[in-house]
Amino acid sequence: MNVYDVVIVGGGPAGLTAGIYVARSKLKAILLEKGLPGGQIATTEHIENYPGYTAGAGYELTAIMEEQAKGFGLEIAMAEVTGVQLGGPEKIITTNQGEYRARTVILAPGSSPRKLDVPGEKEFIGRGVSYCATCDGPFYEGLTVMVVGGGNAAVEEANYLTRFAQKVYIVHRRDALRATKVVQERAFANEKIEILWDSVVAEIRGNETLEQVLIKNVKTGQITPVTVDGLFVYIGFIPNTAFLKGQVEMDEAGYIITNDRMETSVPGVFAAGDCRQKLLRQVVTAAGDGAIAAFAAEKYLEEQQ
Amino acid sequence: MDVELLELTKENYEEEVINSERPVVVDFWGPRCVPCLSLMPEVEKLAAEYGDKIKFCKVNSAKNRRLCIELKVMALPTFLFYKDGQVVDKLTGDEATRENIVAKVQALL
Chain S
0 MNVYDVVIVG
10 GGPAGLTAGI
20 YVARSKLKAI
30 LLEKGLPGGQ
40 IATTEHIENY
50 PGYTAGAGYE
60 LTAIMEEQAK
70 GFGLEIAMAE
80 VTGVQLGGPE
90 KIITTNQGEY
100 RARTVILAPG
110 SSPRKLDVPG
120 EKEFIGRGVS
130 YCATCDGPFY
140 EGLTVMVVGG
150 GNAAVEEANY
160 LTRFAQKVYI
170 VHRRDALRAT
180 KVVQERAFAN
190 EKIEILWDSV
200 VAEIRGNETL
210 EQVLIKNVKT
220 GQITPVTVDG
230 LFVYIGFIPN
240 TAFLKGQVEM
250 DEAGYIITND
260 RMETSVPGVF
270 AAGDCRQKLL
280 RQVVTAAGDG
290 AIAAFAAEKY
300 LEEQQ
Chain F
0 MDVELLELTK
10 ENYEEEVINS
20 ERPVVVDFWG
30 PRCVPCLSLM
40 PEVEKLAAEY
50 GDKIKFCKVN
60 SAKNRRLCIE
70 LKVMALPTFL
80 FYKDGQVVDK
90 LTGDEATREN
100 IVAKVQALL
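So the protein sequences, as listed, match chains S and F. Numbering-wise (numbering that gives the first Met the number 0), the first sequence opens with residue 0 and increments by one. Numbering-wise (numbering that gives the first Met the number 0), the second sequence opens with residue 0 and increments by one.
Read the hints as simulated data drawn from the structure, not as lab findings. Since we're looking at a predicted model, the values are computed, not measured. Check the hints yourself; a few may be wrong.
Unchecked claim - List of simulated lysine-lysine pairs, DSS-like, C-alpha gap at most 30 Å:
id: 1; chain 1: F; residue 1: K89; chain 2: S; residue 2: K33
id: 2; chain 1: F; residue 1: K44; chain 2: S; residue 2: K69
id: 3; chain 1: F; residue 1: K52; chain 2: S; residue 2: K33
id: 4; chain 1: F; residue 1: K103; chain 2: S; residue 2: K33
id: 5; chain 1: S; residue 1: K114; chain 2: S; residue 2: K244
id: 6; chain 1: S; residue 1: K33; chain 2: S; residue 2: K218
id: 7; chain 1: F; residue 1: K89; chain 2: S; residue 2: K121
id: 8; chain 1: S; residue 1: K121; chain 2: F; residue 2: K71
id: 9; chain 1: S; residue 1: K114; chain 2: F; residue 2: K52
id: 10; chain 1: S; residue 1: K33; chain 2: F; residue 2: K44
Modelling step: build the complete structure from the supplied sequences, incorporating the hints.
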């Protein structure tokens, strides 16, 4: 059977950067991605903090990364990884398209949006509840929407949604936003945005489509109904690492633990990007992780020979 | 071989979908929706496989906003499954996986 030097799991900025590095080193490598390469950042409307890239959408940036990796000869396959056996010198990666074998593995599966887990959320997905403003924002032309969360993703997407919606509420559980100052100031200056402080979503209601969100004030316990047409959820992320359970060391939240060489608890297995336990999850740090993981994998292969 | 899906607009929706004798699958997509773009080749494969029994169509939501709102399509990707001019099934957002689409397509047969 065909044994690769490196199999990269995931095609976001971390995986694509690792791909660029291993392909330039002429290693025999393949990147496995379950959908289109790009990862979560491909669903972000605007990137303004990736150095050297000032005007463009997330999917445009990742399309360039993909072209760059392919240009160096990286093989990219559409396959969803369902299980791994990482223990031995030859790692086995099982996918819905068959099995892959490799001497090293770079894990870059990323993370997914966290759900609210309140009554009504599931019922109204696609009928008012959304996790992708870039995908669904334009449907809310002239309507009222609500964004849940106070971090960068929430506040940036709230700003974006004001292009379409006539009013955008931000619901945040604390009395101050966590988003970067420049992003906060943009939201404060936007007349269409109203922030509901110290508040959480208690319930989502409607008939055929979403009509009302019940907001609970966490300080007073008071419940207030707010009439909205759409609800966009940006309350953080969960790592896509369920398929790695019992294979590599993770923290309680499921983030993979690595050292500064991106080495996991298993020799020859590296991790990069949002799946790692780390301080800051951004495109720029994902790319950095990917480069280090690729370099460390190459060193590991040299030492094994 | 993959088959390009029939492009729908407000003008031909009734004729191609509501009045269709064959069951119809409608794929609502948008040029900025990465999950939609990633599913499209899979749907084209299904169109090649089941095309003689089921009609496969697509709607560009960016150009047909009004039509989407009338059909209560408010998220991407969304798939509507029609039989005898009636919506019998719907997949939207995370539910719209290749596996789920195949299952709903087979249920139309």
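Verification of the supplied hints:
1. F:K89 <-> S:K33: Cα-Cα ~22 Å, so holds.
2. F:K44 <-> S:K69: This hinted pair holds, its Cα atoms lying about 24 Å apart.
3. F:K52 <-> S:K33: Roughly 28 Å between the alpha carbons, so the hint for K52 of chain F and K33 of chain S holds.
4. F:K103 <-> S:K33: 21 Å, holds
5. S:K114 <-> S:K244: 21 Å, holds
6. S:K33 <-> S:K218: 43 Å, violated
7. F:K89 <-> S:K121: Given pair K89 of chain F, K121 of chain S holds - Cα atoms ~14 Å apart, limit 30 Å.
8. S:K121 <-> F:K71: Within the cut-off at roughly 17 Å; holds.
9. S:K114 <-> F:K52: 38 Å, violated
10. S:K33 <-> F:K44: 16 Å, holds
The structure is inconsistent with the numbered hints 6, 9, although it conforms to all the rest.
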